[in-house]
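Chains as they are written, first to last, in our numbering: chain A, 1 to 471; chain B, 472 to 785.
Please keep in mind that the hints were generated in silico from the structure rather than gathered at the bench.
Using N, Cα and C, we set each Cβ at its ideal position, and we do this for glycine too.
Take the hints with a grain of salt, since some may be wrong.
Claimed, not checked - With the C-beta cut set under 10 Å, the calculated list includes, among others, these residues of chain B facing chain A:
hint: 1; residue: S483
hint: 2; residue: W527
hint: 3; residue: G532
hint: 4; residue: S548
hint: 5; residue: L554
hint: 6; residue: M557
hint: 7; residue: M577
hint: 8; residue: V698
hint: 9; residue: V702
Said to hold, decoys possible - Computed beta-carbon distance windows for the label pairs:
hint: 10; chain 1: B; residue 1: M577; chain 2: A; residue 2: K210; range: 20 to 28 Å
hint: 11; chain 1: A; residue 1: D274; chain 2: B; residue 2: F478; range: 54 to 62 Å
hint: 12; chain 1: B; residue 1: M577; chain 2: A; residue 2: I309; range: 50 to 58 Å
hint: 13; chain 1: B; residue 1: G617; chain 2: A; residue 2: Q312; range: 27 to 35 Å
hint: 14; chain 1: A; residue 1: V333; chain 2: B; residue 2: I580; range: 53 to 61 Å
hint: 15; chain 1: B; residue 1: L674; chain 2: A; residue 2: I160; range: 44 to 52 Å
hint: 16; chain 1: A; residue 1: A39; chain 2: B; residue 2: P662; range: 22 to 30 Å
hint: 17; chain 1: A; residue 1: T403; chain 2: B; residue 2: P624; range: 26 to 34 Å
hint: 18; chain 1: B; residue 1: A701; chain 2: A; residue 2: I411; range: 45 to 53 Å
hint: 19; chain 1: A; residue 1: A39; chain 2: B; residue 2: V670; range: 52 to 60 Å
hint: 20; chain 1: B; residue 1: A701; chain 2: A; residue 2: F175; range: 49 to 57 Å
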Amino acid sequence: MDATALLLSRLQFAFTISFHIIFPSFTIGLAAWLTILEALYLATGRPAYRVVFEFWLKIFGVAFGLGVVSGIVMAFQFGTNWDVLARRSGPIQGVLLSYETFTAFFLEASFFGILVFGRPRVPPWFYLFSTAMVALGTTLSAFWIMVDNSWMQAPVGYAIENGESVPADWPKIIFSPVLWVRFPHMLLASCITGAFCVAATGAWYLLSRKFHAEAQIMLRMGLGLAAALVPVQLFFGHLNGGYVVHYQPAKMAAIEARWHDQKPASEVLLAWSDERNQRNLFAITLPPPFGSLIDSDSLTAGEVGMNSIPLQDRPPMIIPFFAFRIMVGCGLVMLLLAWVGSYRNVKGSIEQGRLLLRAIFLSFPLPFIAILTGWFTADVGRQPWTVYGVLRTADSVTPFLTTRAATISLIVFCAVYTFIFAFGVFYIYQLLRAGPEGSLVRAPAAAVPNRPMSVVDEPVTVSSLRVGEGE
Amino acid sequence: MVQFWVFVLAVSILFYVLLDGFDLGVGILFGFTLNEQRRREMLAAVAPLWDGNETWLIVAGVVLWGAFPVVYATLFSALYLPLLVMLAGLILRGVAFEYRNKTERMRWIWDLSFAGGSSVAAFIQGLMVGALVEGLPISNGQYAGGEFGWLSPFSLLCGVGLCLGYTLLGACWLVRKCADEVRDSAYRLIPSLSIGLLVFLILVFAYALVESLRIMSRWLERPYLFVFPAVGIVAAIVLAASVRQRRDGWPYYMVVLIFAAAFGTLAISFWPYMIPFTRGRRGAAFESGLHVLGRGSVRLPAHARLHRGQLQRL
Numbered sequence: 001m002d003a004t005a006l007l008l009s010r011l012q013f014a015f016t017i018s019f020h021i022i023f024p025s026f027t028i029g030l031a032a033w034l035t036i037l038e039a040l041y042l043a044t045g046r047p048a049y050r051v052v053f054e055f056w057l058k059i060f061g062v063a064f065g066l067g068v069v070s071g072i073v074m075a076f077q078f079g080t081n082w083d084v085l086a087r088r089s090g091p092i093q094g095v096l097l098s099y100e101t102f103t104a105f106f107l108e109a110s111f112f113g114i115l116v117f118g119r120p121r122v123p124p125w126f127y128l129f130s131t132a133m134v135a136l137g138t139t140l141s142a143f144w145i146m147v148d149n150s151w152m153q154a155p156v157g158y159a160i161e162n163g164e165s166v167p168a169d170w171p172k173i174i175f176s177p178v179l180w181v182r183f184p185h186m187l188l189a190s191c192i193t194g195a196f197c198v199a200a201t202g203a204w205y206l207l208s209r210k211f212h213a214e215a216q217i218m219l220r221m222g223l224g225l226a227a228a229l230v231p232v233q234l235f236f237g238h239l240n241g242g243y244v245v246h247y248q249p250a251k252m253a254a255i256e257a258r259w260h261d262q263k264p265a266s267e268v269l270l271a272w273s274d275e276r277n278q279r280n281l282f283a284i285t286l287p288p289p290f291g292s293l294i295d296s297d298s299l300t301a302g303e304v305g306m307n308s309i310p311l312q313d314r315p316p317m318i319i320p321f322f323a324f325r326i327m328v329g330c331g332l333v334m335l336l337l338a339w340v341g342s343y344r345n346v347k348g349s350i351e352q353g354r355l356l357l358r359a360i361f362l363s364f365p366l367p368f369i370a371i372l373t374g375w376f377t378a379d380v381g382r383q384p385w386t387v388y389g390v391l392r393t394a395d396s397v398t399p400f401l402t403t404r405a406a407t408i409s410l411i412v413f414c415a416v417y418t419f420i421f422a423f424g425v426f427y428i429y430q431l432l433r434a435g436p437e438g439s440l441v442r443a444p445a446a447a448v449p450n451r452p453m454s455v456v457d458e459p460v461t462v463s464s465l466r467v468g469e470g471e
Numbered sequence: 472m473v474q475f476w477v478f479v480l481a482v483s484i485l486f487y488v489l490l491d492g493f494d495l496g497v498g499i500l501f502g503f504t505l506n507e508q509r510r511r512e513m514l515a516a517v518a519p520l521w522d523g524n525e526t527w528l529i530v531a532g533v534v535l536w537g538a539f540p541v542v543y544a545t546l547f548s549a550l551y552l553p554l555l556v557m558l559a560g561l562i563l564r565g566v567a568f569e570y571r572n573k574t575e576r577m578r579w580i581w582d583l584s585f586a587g588g589s590s591v592a593a594f595i596q597g598l599m600v601g602a603l604v605e606g607l608p609i610s611n612g613q614y615a616g617g618e619f620g621w622l623s624p625f626s627l628l629c630g631v632g633l634c635l636g637y638t639l640l641g642a643c644w645l646v647r648k649c650a651d652e653v654r655d656s657a658y659r660l661i662p663s664l665s666i667g668l669l670v671f672l673i674l675v676f677a678y679a680l681v682e683s684l685r686i687m688s689r690w691l692e693r694p695y696l697f698v699f700p701a702v703g704i705v706a707a708i709v710l711a712a713s714v715r716q717r718r719d720g721w722p723y724y725m726v727v728l729i730f731a732a733a734f735g736t737l738a739i740s741f742w743p744y745m746i747p748f749t750r751g752r753r754g755a756a757f758e759s760g761l762h763v764l765g766r767g768s769v770r771l772p773a774h775a776r777l778h779r780g781q782l783q784r785l
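Produce the entire structure from the sequences given, and follow the hints as far as they go.
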């Protein structure tokens with residue numbers, strides 16, 4: 001095995017999966033919100049809901065497309081770069097991903113077509129149903145991915161036969177306690193991401209004094225949803241700590257920069273650890289029993305330090321430590337913004353607070369940063385294992401992969417992803433700037449009559465639905 | 472259980488070929504017209520369907536992984552570079568659907584990536600099938616052919632062949648979905664594409680005879696196999712008639728039938744091997760290292776990924 005090829009494969013996996021997760025985490029929440037909007041529109045008949053729906057559907061389309069294409073890569077990458085992992089865990093991981101495609105992708109793909117092209121052709125209730133099915137599809141997809149990743153974090157319900165992990169107890173895998181704290185954590189993260197992106201857009205329009213009615217809907221619903229969900233999310237985040245303490249003490253020691261066993265334990269707030277000499281060079285620490293309280297909900301519990309973990313089983317410390325703190329920091333800032341913003345919304349004074357609006361506008365990267373750093377914490381902290389305690393990362397890689405091939409693929413993925421990401425962000429920015437009314441390009445010549453599916457770039461006509469000035 | 476997974480896998484590969492085949496084919500044809508109105512109509516004929524179609528590729532990939540992990544790992548790591556290129560092609564053509572209508576000035580970039588990405592993806596898929604049919608060098612259950620072990624005149628030929636096949640599917644799809652000029656020019660292409668495909672099939676068949684008589688002996692052992700080419704020939708005749716009479720709905724289904732017949736031919740001529748007889752001059756038997764569903768059964772109970780372009784074998 002080639003050490004450089006291993007490192008390059010790890011970088012490539014980290015890069016491609018980080019890129020990929022950005023889009024599903026946005027679209028999962030957005031799909032649920034679109035369903036609510038469509039239901040509200042059907043219930044109230046208020047045109048503004050429809051305008052907001054059509055507008056966000058366009059943005060959903062771009063993000064969904066990027067999610068689809070970057071997701072295909074994932075289905076192949078386990079085989080190309082992680083030959084040994086693929087052989088050994090296929091009967092579990094491959095099967096879980098098969099369930100994902102059957103339950104989730106087909107729902108998404110079929111009903112998304114109806115969302116984009118079917119409005120004039122299906123009855124309103126069916127359109128709403130299609131929206132809900134897209135949302136269900138994205139949620140199911142998240143579910144199976146979390147089952148898969150949770151199994152890698154804390155493998156249960158398997159047996160080893162001829163070196164392969166084979167499923168021995170599917171219910172145990174699917175009802176793993178680890179999964180049932182992690183799946184809500186990811187789902188909430190996605191909803192909060194959607195909520196903040198919507199609220200930030202609303203704040204932007206209010207700041208630039210346009211699309212007033214739509215902006216109010218976006219800001220009110222986005223902030224309201226976030227205000228309700230962020231505290232729940234913090235709670236689930238705390239529950240996640242519980243599984244880490246129980247199943248992966250090494251990861252917890254890394255997250256807490258804790259070198260020595262302590263009972264009760266102190267809590268390191270900020271530190272720079274020196275992994276070579278197994279100490280913290282600088283640390284701001286809360287005294288015991290804060291560490292035990294945070295990690296184990298106890299005043300007296302003992303916590304494991306990194307020095308108790310055999311050298312070959314230790315994850316790196318710096319990345320999980322800082323990634324975790326950045327994630328929590330983003331969460332707290334979002335909580336503050338959501339609560340203050342919702343409070344001012346209720347008081348009806350949000351539009352006067354331009355500073356607050358500006359802060360909300362600029363907050364849209366926070367949920368993405370929180371999701372990425374959360375995953376860095378989980379998966380860098382899982383090292384040096386791919387399947388925790390079962391298969392090491394170093395043993396998972398394709399044995400005959402050459403440095404040259406791995407370099408080429410990493411460069412190609414970086415180039416292609418940078419290219420499509422740059423344009424994707426640019427087009428989403430243009431769509432946002434054009435606003436609910438705008439259309440980026442001229443209306444095409446009339447679509448071919450009597451030929452369904454010939455309206456691909458016919459801009460959604462919403463001018464007739466434009467909200468009146470008085471609203 | 473194994474039979475079930477083989478069935479699922481075979482169906483998802485066939486569906487992928489038939490469905491993404493036409494939208495990749497439309498992508499290839501897209502590169503040959505510069506007229507914006509026509510391009511728009513061609514794109515509209517596949518835009519609502521492409522992501523559903525491509526989902527079958529993911530299905531095939533992950534079912535292969537779940538049911539036959541060793542085959543998945545061996546093939547995908549062996550085809551490292553071609554898969555990379557195919558994925559890049561699929562990514563670039565996929566985003567083009569969303570991106571090209573967002574801009575006018577830079578539309579050429581996405582037109583290029585749509586046509587180019589579709590062509591490259593189709594070519595590589597054919598190439599991989601060709602490499603598989605020819606046999607990848609394997610020793611001790613591991614791929615042993617180096618970075619370019621899949622490259623051969625035969626695999627390149629299969630790449631071109633699948634491009635032809637997909638383009639034919641795409642043209643028939645346009646006949647079905649579009650009107651006026653787009654339909655008419657698609658009609659004009661069908662005869663030459665069909666003849667091109669036929670020439671290709673003859674070449675491949677001749678090569679197969681020269682290179683690997685084992686396939687021929689299977690045919691003699693299993694005479695019922697001749698049903699499939701017979702179906703293919705009937706479909707080809709109906710295709711010709713429907714093009715002559717301009718029955719818009721028919722050509723696509725006839726080409727589907729031809730593809731399916733070829734697929735069936737292949738599936739049965741290789742059964743029960745998943746990866747065809749390996750290239751004698753290069754390496755040990757492949758199947759010995761393979762396990763199925765972790766049960767350690769050694770004989771590989773299927774033909775799996777290969778058949779896509781082997782269609783040609785008809």
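Non-conforming hints, listed in increasing numerical order
Violated: hints 8, 9, 14 and 16.
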